[in-house]
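On the provided structure of chain A, position chains B, C and D with the ligands as indicated by the hints.
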Amino acid sequence: MKSAVIVFPGSNRERDMLSALEKITGKKPLAVWHADKELPKVDLVVLPGGFSYGDYLRTGAIAARAAIMDDVKKKAADGVHVLGVCNGFQMLCEAGLLPGILMRNEHLKFVCRHVKLEVANADTNFTRKYKKGEVWRCPVAHGDGNYFTDAETLARLEGENRVVFRYAEGTNPNGSLNDIAGIMNERGNVMGLMPHPENEIEALNGGTEGRALFESVLEAVA
Amino acid sequence: MKARIKVMLKNGVLDPQGKAIEGALGALGFPGVAAVRQGKLFEVELAEKDPTKARAALDEMSKKLLANTVIENYAIELDEK
Amino acid sequence: MKARIKVMLKNGVLDPQGKAIEGALGALGFPGVAAVRQGKLFEVELAEKDPTKARAALDEMSKKLLANTVIENYAIELDEK
Amino acid sequence: MIANDVKITPKLVAEHGLKPDEYQRILDLIGREPTLTELGIFSAMWNEHCSYKSSKKWLRTLPTTGPRVICGPGENAGVVDIGDGQAIIFKMESHNHPSYIEPYQGAATGVGGILRDVFTMGARPIAALNALRFGAPEHPRTRHTVSGVVAGVGGYGNSFGVPTIGGEVNFDESYNGNCLVNAFAAGLADADKIFYSEAKGVGLPIVYLGSKTGRDGIHGATMASAEFDKDTEEKRPTVQIGDPFSEKLLLEACLELMATGAVIAIQDMGAAGLTCSAVEMGAKGDLGVELDLDKVPCREDGMTAYEMMLSESQERMLMVLDPAKEKQAEAVFRKWGLDFAVIGYTTDDLRFRIKRHGEVMADLPIKELGDQAPEYDRPWVPTPKAKALATSDVPAPNDIAETLVKIVGLPDMASRRWVWEQYDHLIQGNTAIGPGGDAAVIRISEGPQGGTKALAFTLDVSPRYCAADPVEGGKQAVAECWRNLTAVGAEPLAITDNLNFGNPEKPEIMGQFVGCIQGIGEAARALDFPVVSGNVSLYNETNGKGILPTPAIGGVGLLPDIALRATVAFKTAGDAIVVIGETKGHLGQSIYLRDILKRREGSAPPVDLAIERRNGDFVRGEIRSRSLTAVHDVSDGGILVALAEMAMAGGIGARIDPPRDLPLHAWAFGEDQARYVVTLPEALVKPLLDRAAKAGVPAARLGTTGGDELTLGTGAPISLQRLKAAHEGWFPAYMAAPDLMDTQ
Ligand SMILES: Nc1ncnc2c1ncn2[C@@H]1O[C@H](COP(=O)(O)OP(=O)(O)O)[C@@H](O)[C@H]1O
Ligand SMILES: [Mg+2]
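Chains as they are written, first to last, in our numbering: chain A, 3 to 224; chain B, 14 to 94; chain C, 14 to 94; chain D, 695 to 1438.
Careful: at least some of the hints might be erroneous.
Unchecked claim - With a Cα cut of at most 30 Å, we get these calculated DSSO-like pairs of lysine-lysine:
#: 1; chain 1: A; residue 1: Lys111; chain 2: A; residue 2: Lys29
#: 2; chain 1: A; residue 1: Lys118; chain 2: D; residue 2: Lys1265
#: 3; chain 1: D; residue 1: Lys989; chain 2: D; residue 2: Lys978
#: 4; chain 1: D; residue 1: Lys1265; chain 2: A; residue 2: Lys77
#: 5; chain 1: D; residue 1: Lys1029; chain 2: B; residue 2: Lys77
#: 6; chain 1: C; residue 1: Lys23; chain 2: D; residue 2: Lys1265
#: 7; chain 1: D; residue 1: Lys1147; chain 2: A; residue 2: Lys111
#: 8; chain 1: D; residue 1: Lys1278; chain 2: A; residue 2: Lys30
#: 9; chain 1: B; residue 1: Lys77; chain 2: D; residue 2: Lys906
#: 10; chain 1: A; residue 1: Lys111; chain 2: A; residue 2: Lys77
#: 11; chain 1: A; residue 1: Lys75; chain 2: B; residue 2: Lys77
#: 12; chain 1: B; residue 1: Lys66; chain 2: C; residue 2: Lys53
#: 13; chain 1: D; residue 1: Lys1147; chain 2: A; residue 2: Lys29
#: 14; chain 1: A; residue 1: Lys76; chain 2: B; residue 2: Lys76
#: 15; chain 1: B; residue 1: Lys62; chain 2: C; residue 2: Lys53
#: 16; chain 1: A; residue 1: Lys29; chain 2: D; residue 2: Lys1029
Bear in mind the hints are in silico, worked out from the structure with no lab data behind them.
Next up, chain A with everything else stripped away, as it sits in the complex (with noise of 0.2 Å):
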């Protein structure tokens, strides 16, 4: 699988999410930048964490309005997939990607810690290789979770079954809506989440679970 991670400035889990990727497909993914028009030819296309422009504005805002961004658009309507992992997912809110958005975490506090995913949807080019409602454990690391919507497109995306993670067992760490952790489009190629996957992927992490997230766009797109 190729695939491409794009750097923002302010960005600061590119290397977290470029090593996973290696380590797990086995192929060196690309490092995008931000200013770039243009995506190379890729299976899957990721917004990693970060502070991206020290998310002064919103967070993921002006990232969201990047010059690459357009191509993103593009490649994500092409059915290319895209994933966004916190800071990503807050860009692809902010991007109309997704609906919704992160707001600040409800406790008005920055949070790292690891909490309980219930797989919500196992039915899904990022999820095949979970079982559904399987828990694992990930961990967070933000400011702004606290995923909100309005009522109509909250419905909508349950309905749809949309809502791809949930934190489970009263580990919600942000306040989000219905313990929404990450949700996807409606055609399925474009995900995002506010927890860190490519933080959970090898025995030093304490937990490998993580994995099976990209090992299922592995098989995915194979």
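Positioned in the frame of chain A, the structure of chains B, C and D with the ligands alone reads:
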């Protein structure tokens, strides 16, 4: 030319900061605070002299960047002079 | 009674947010944006009817919570009516 | 706009924190009255913060060399060889006074400053730690300071992208008006690609990098060495704002630039920014420096030479550049959207010359600015030895178990989870042991050997010991640091120190300083644990009351194989529990005595460095031969607290049979040094005890793990649930109460 752009969350949109401040004000012993909403204020200095052109540009900026019109309203104030 | 509290960084205090937004507006092709400063705006609804008392309370709230008076100035606007 | 030729009055001199005799020294040195800019430059170079004028004499006594030391004190940070052509670069620095004035920004810029020190030398930061000291919990300002400082440390480190993996938090009334924020950072570099501040070559361009210059923190450096009093308010405008986003760009740009070979010398702008950095680079290289301030990128209009030379705007660097690579270098910085300007060049006349609007605003002898700074041998009196406390003078509690529950929930003993969950301690994906253990462990993934090597980090000091006995306290701080590294299986390599004390002009405070340094030196020598960098923060007092002597020690250790690491958590039921080291039941200055009996008495626990080393080497050897399942050193609170921490961490209880030869409370809460609690499979106990006996290391069976309760002999069991509730409960409950501090 100077201008101010006021960006507030639309009604019904969750405002964790406003909520927290409401709570804190209560705890600090300020009674009768019915509601608090937190928004943003941008002070912008423009080269543009013409008010109509300036307003148009500011409107663009707000739509394109300063406000997320899905959840936020914005209002533009020009210092005419 | 409704009121607005405007909180801005004191002059000369670095405003990283404003700086980043300035840059972004430039990149988005908005010319002639000389300077951007970002501040906070609080809309507060008070039970208090008496303007003087309300203003006093708002001043307290600003000092104690809404503004960091070490680096920020604040201004209070009351909707008299 | 301040004129440069104002008359220099005694008042003006005093306002610059210079004593009359120091001003006389200036007059003698330059043979004329200084301009205002020159006075500002002297005040910056000669204040305590930059000149170390009170501490130099004593710092020289510390051991700073060793087989692995590549660069000791004197550069931006210390450099230590970790093999495979790699080096670890680290330092700790205080931002106490700014953090008291504006907790969030003060702490944030403190973190920013120390990160800059590390990547200025060519290292990519891989770990950040922080040692925090606050006033008594009930003091009206404490809660406000805690929340601001913790948010600021996290706000900067999280955005910059370095894992914040450890530190300390203490509360004591002596910090009521003067919190301590000591930030530690470590970075990884190739041992042969380290960058220094010494300028080389005449007529080479001096380049300004990073953010623009504003009126931030003008006189911050002077403030950082000024005692606090009521007019602290007036000092407020000197607060600087941190911009972690720009710092991240600066990091990437600097590392990219260094890779091109364009950098001849580089120095970050810290306290008294442009002045200290430019003078240091020139003086170190025996070169003069000429700067044209008109070229300095400014954020504000009409800045004077005086303001520009003293500005402490953050996220800035100064660099001597290979002229041949100037264009290439500029391109890198433009790509990252940072300012890049040639603002001067090196000269051969050993002058520090500053021009503004074509006029010379300052023209000073560059070497004398540093070398001729005043140096004091301040009078000091040794701290009177507190007399030892007989165990019989310390009443036992009527219920040991209940007392334990109290202790694990004390402000100084409760879990710091509330703090470190606000820090991204997982970013970079190399965190093998995060906050909450004895030392944090980070995998070193780069380098030829691949992922097996790791580094351990910890910060330690027990101020109450230092107050009772500076020498023993200084020794203990180093010993506990060494012990925490050993407890995870690391070989202790070197330390950095952050010496926080009161007003050195008071002989008894100076006595504390001298005593602690003596103790630190002794321990560092005995444990082959050299001091490679550090920072001194004096005048930490408010209205004349000094803080507890607080020489924080930051240690780095090496694990050759990350698989051979130990953690504090009990692993399985049925493991044997053994204590390594001798328990005498020293209750003087213990947590039990201070917080349960409310008595600050007795001598600090003595540290026998030979025993410390013997016991530690034994434990490390056992960890590396895979015989142990859990390890925890015994520190604050004593052995029973250590056991409780191991049980809580593992969610597994234990049955303990205390020895009969000591009063139970002395055994349980005594704070004797050089001890570790370890667990291992039953079958391995006998061989372990034999090996210990052979090595002359005291080792005794304590009990067995299992269940969900802690049971002491025949006493009533305590449920882990209750212990956890007390241990995890205090911090969130404390911080949940409203912050009543009026920020005005
Ligand atoms: N300010 C802090 N930031 C991050 N971690 C901290 C901080 N303060 C304490 N900790 C962590 O809490 C744990 C307990 O601290 P401490 O009691 O000082 O450990 P020890 O007694 O082993 O020195 C340690 O793992 C330490 O790293
Ligand atoms: Mg320890």
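Going through the hints against the structure:
| no. | hint | verdict |
| --- | --- | --- |
| 1 | A:Lys111 / A:Lys29 | violated, 37 Å |
| 2 | A:Lys118 / D:Lys1265 | holds, 22 Å |
| 3 | D:Lys989 / D:Lys978 | holds, 24 Å |
| 4 | D:Lys1265 / A:Lys77 | violated, 49 Å |
| 5 | D:Lys1029 / B:Lys77 | holds, 24 Å |
| 6 | C:Lys23 / D:Lys1265 | violated, 55 Å |
| 7 | D:Lys1147 / A:Lys111 | violated, 34 Å |
| 8 | D:Lys1278 / A:Lys30 | violated, 58 Å |
| 9 | B:Lys77 / D:Lys906 | holds, 27 Å |
| 10 | A:Lys111 / A:Lys77 | violated, 35 Å |
| 11 | A:Lys75 / B:Lys77 | holds, 16 Å |
| 12 | B:Lys66 / C:Lys53 | holds, 26 Å |
| 13 | D:Lys1147 / A:Lys29 | holds, 24 Å |
| 14 | A:Lys76 / B:Lys76 | holds, 21 Å |
| 15 | B:Lys62 / C:Lys53 | holds, 26 Å |
| 16 | A:Lys29 / D:Lys1029 | holds, 28 Å |
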